[in-house]
Amino acid sequence: MNMRVAMTSNYFEILRGGINTTFQDKGRENLYHIGIPFSGVMDNRNFLLANKLVGNDLTAPVIEFAYQGPHLRYTGDQLNFVITGDVIFKIKKKDYEIDGDCYHSYHLENGDEINIISTNKSVYGYFAIGSEIDLKLQWKSCSINTKANIGSNNGKKLDSGQKINLLKINSDKTLKKVNYINSKIENLRVIKGTNFDYFSDEGKKIFFEKEFIVSKLSDRMGMRLEGPKIENIVNTNIKSEGLVKGVIQVPADGNPIIMLSDHGTVGGYPKIGVVVSVDYDRLVQLAPGSKVKFQEIELSDAETLFKLYEMETKNLLNQI
Amino acid sequence: MLKNISNLGDAALYCDFGIQVNKETNLEVIKYFNTIREKKIKGINNLTPSYNKLIISFDLRVTNFSEIKNKIENLDTTIEQNKNNKKIVVPVCCEENFALDKSRLEKKLNLSYQEILTKFFDKEYFCYMTGFIAGMPFLGDIDENLRTQRLETPRVKVPQGSVGITEQFANIYTFDSPGGWNIIGNTPLKVFDDSKERDPNLINPGDTIVFKKISRHEYESSNDK
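Residue numbers (the numbering used here), protein chains in the order written: chain A, 1 to 320; chain B, 1 to 225.
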C-alpha cells in the first residue's frame, strides 16, 4: 500500500460531539502574564494512565470529555484505544456490541464505533488513541480553551460532523490494562489564603466546619460552591492580582469559587484558601450536587502528601 | 520594594510590594518579573505581575516553596534591564452603539459626555498588567473626575474592542467577554493576536498608551476591522 495514502486514510468521524469534548495535553507554561491560563487536562493521573495504556508518549494529546462523551466511527487500519476515568461506554463491532471497561486497551478495526455514554458519578474521562493525531498546536500545546478560542480545532469543542485525522499509528498493538479505581474525595485540603483575615470569625468557622455543595455552574474555568454564606468583614474586592489553580475566591455573595485549569489569570475577589496540589485530580471530578468540606493543612504536609501521590502515580504507570 | 513573600497554596509564591497602587510600585513589580524571566529559574512555570503583587507559580514535582523563596530573596535586581517599552496609539470611536455606558457615566460623574471624553483623551496612560482574558491591558491612571464603580450587574457579553473605565483604571476587552466596566467606546485595533505566538500582546506592562478619538467613518475604514 502506498504509504502516503495509508497515513491520510485513518480517521474518526464524530457522530455526536458530547457535552464538552476537547483535545488536551499538559497545557501551556509561562503565559499567565499575557492572560493565557495553563489549561491542559483537568485530571492529570487519568491522562498519564491513558497515554501509557496505548503506548503513547505520556504527554501526548488525548480527548477529554465531560459527563456525556462523543460517539465516534473509525475508518482505517487497526489501532489501540483506551478510556480512563469512571466511564460507561460501548464498543460496536460489525456484528455485536460490548460494554467497554476503563483502563483496558482495545483494538479498533475499520468501521468500529465507540459510544461514550456518560461518566459515572464523576465529571471527566479520557480517550487516548494509539496514534499520532493531526493537530495544530498553539504555544506548543493542543489544549483547547473554549473561552479564548485557543488551541487545536480553532479553540472550539469537538462537534458532530467533524473528523479527527490520524498520522502515524503506533506499531506496538499489545493490549494492556491496569487495575485502578478512582477514589472519591469529601474533604478538600486547603492552605489558608492570603486574604483569610478578610472573613469574620464566624465565616472562618463556617468555611472549615460546614458542608458545601458543588453547583451546576461549574466548568473548566472554575467550580462554584453553595452553602452557608461566608461573611466578609473587610472588603469584598481586592486590587486585581494573579490567581493559580486551586485558589478559592469568595465574592460578595459569600459563595466560594475554586479556580480550575482554564481560570482567568487575574481576579479581584478575596482568597480564603487554596486547595493543595495532591487533591486537584479528585477535586475536578466532583460532580454537581456533591458535598464537600474544607480541611486546613500545613504547607509541609501538603508537600509530603504530593510526593506520595506522585510516587503512587509512578507505581501505577510502572505496572503497565 | 518587595515587602513580603508568602506561599499561595503549595505551588506558588505570593510577592507583596505594598498596598500602594502607583506607577513606582508597579515598575518594581515589573523589574522583578523581567529579572526572574531572564534568569530562567528551574521549576518556575508562570509569573503573574499585577499592580502591586507578583505571583510565581512553580512545578511542585521539580522544586518547592522554600527553594524558590530563597532564590527570589537573593535575586540581584540591580542589573540594567533592556527597556524596550513602547508608546502605542489606540484609536477609539465613542459614537452611538459603541459608548454603551454614555448616559450612565453622564449621570454618575455629573459631566457631559463631551467633558468626559476631553478628560479621557487628554492623558497618557501606563500599562500596569495584562490578563484576566488573553491580552487585556489594565491601564492607569484616569482623571480623578472620571472615577466610578463597576456596573452593579455585569454584562454577560461586552463586545470585543470595548474600552472601559472603572475606579482609577481603563482597559480594552480583547474578546467578547463578561464584564462590568463602564464602556465609553470601541477600538478597531487588534490588541491580542494569537497568530503571533512570540508576542501576541500589542500592549505589555510598562508601555505607554495614548488614546486617539476617531469618527465612525475612520473606525469602519480601519485596516484591523
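If you are wondering where the hints come from, they were derived from the structure by calculation, not from laboratory data.
Given the structure is predicted, the values throughout are model-derived calculations rather than measurements.
Wrong hints could be hidden among the right ones.
Distance condition first, Cα-Cα at most 30 Å in a straight line; then the derived DSSO-like pairs of lysine-lysine [as the list claims (entries may be wrong)]:
hint, chain 1, residue 1, chain 2, residue 2
1, B, K87, A, K239
2, A, K136, B, K40
3, B, K107, A, K140
4, A, K26, B, K190
5, B, K69, A, K136
6, B, K102, A, K140
7, B, K31, A, K140
8, A, K314, B, K3
9, A, K314, B, K102
10, A, K140, B, K42
11, B, K212, B, K190
12, B, K86, A, K147
13, B, K71, A, K140
14, A, K204, B, K69
15, B, K69, A, K156
16, A, K136, A, K157
17, B, K3, A, K239
18, B, K39, B, K23
19, B, K190, A, K239
20, A, K147, B, K196
21, B, K39, A, K307
22, A, K239, B, K102
23, B, K39, A, K239
24, B, K157, A, K147
25, B, K40, B, K123
26, B, K196, A, K168
27, B, K107, B, K123
28, B, K71, A, K26
29, A, K136, B, K196
30, A, K26, B, K196
31, A, K216, B, K157
32, A, K168, A, K156
33, B, K69, A, K307
34, A, K184, A, K163
35, A, K26, B, K42
If you only want the chain A side, here are some residues facing chain B, beta carbon under 10 Å, derived [claimed, not checked]:
hint, residue
36, E29
37, N30
38, L31
39, P37
40, Y96
In this text, a Cβ means the ideal position worked out from N, Cα and C, and glycines have one as well.
Hints versus structure:
| no. | hint | verdict |
| --- | --- | --- |
| 1 | B:K87 x A:K239 | 25 Å, holds |
| 2 | A:K136 x B:K40 | 27 Å, holds |
| 3 | B:K107 x A:K140 | 48 Å, violated |
| 4 | A:K26 x B:K190 | 29 Å, holds |
| 5 | B:K69 x A:K136 | 37 Å, violated |
| 6 | B:K102 x A:K140 | 42 Å, violated |
| 7 | B:K31 x A:K140 | 27 Å, holds |
| 8 | A:K314 x B:K3 | 40 Å, violated |
| 9 | A:K314 x B:K102 | 59 Å, violated |
| 10 | A:K140 x B:K42 | 19 Å, holds |
| 11 | B:K212 x B:K190 | 15 Å, holds |
| 12 | B:K86 x A:K147 | 29 Å, holds |
| 13 | B:K71 x A:K140 | 28 Å, holds |
| 14 | A:K204 x B:K69 | 28 Å, holds |
| 15 | B:K69 x A:K156 | 38 Å, violated |
| 16 | A:K136 x A:K157 | 14 Å, holds |
| 17 | B:K3 x A:K239 | 17 Å, holds |
| 18 | B:K39 x B:K23 | 24 Å, holds |
| 19 | B:K190 x A:K239 | 26 Å, holds |
| 20 | A:K147 x B:K196 | 19 Å, holds |
| 21 | B:K39 x A:K307 | 27 Å, holds |
| 22 | A:K239 x B:K102 | 25 Å, holds |
| 23 | B:K39 x A:K239 | 28 Å, holds |
| 24 | B:K157 x A:K147 | 12 Å, holds |
| 25 | B:K40 x B:K123 | 36 Å, violated |
| 26 | B:K196 x A:K168 | 29 Å, holds |
| 27 | B:K107 x B:K123 | 22 Å, holds |
| 28 | B:K71 x A:K26 | 26 Å, holds |
| 29 | A:K136 x B:K196 | 14 Å, holds |
| 30 | A:K26 x B:K196 | 22 Å, holds |
| 31 | A:K216 x B:K157 | 20 Å, holds |
| 32 | A:K168 x A:K156 | 24 Å, holds |
| 33 | B:K69 x A:K307 | 19 Å, holds |
| 34 | A:K184 x A:K163 | 35 Å, violated |
| 35 | A:K26 x B:K42 | 18 Å, holds |
| 36 | E29 | 4 Å, holds |
| 37 | N30 | 6 Å, holds |
| 38 | L31 | 7 Å, holds |
| 39 | P37 | 9 Å, holds |
| 40 | Y96 | 44 Å, violated |
In this structure, the hints that do not hold are numbers 3, 5, 6, 8, 9, 15, 25, 34 and 40, in rising order.
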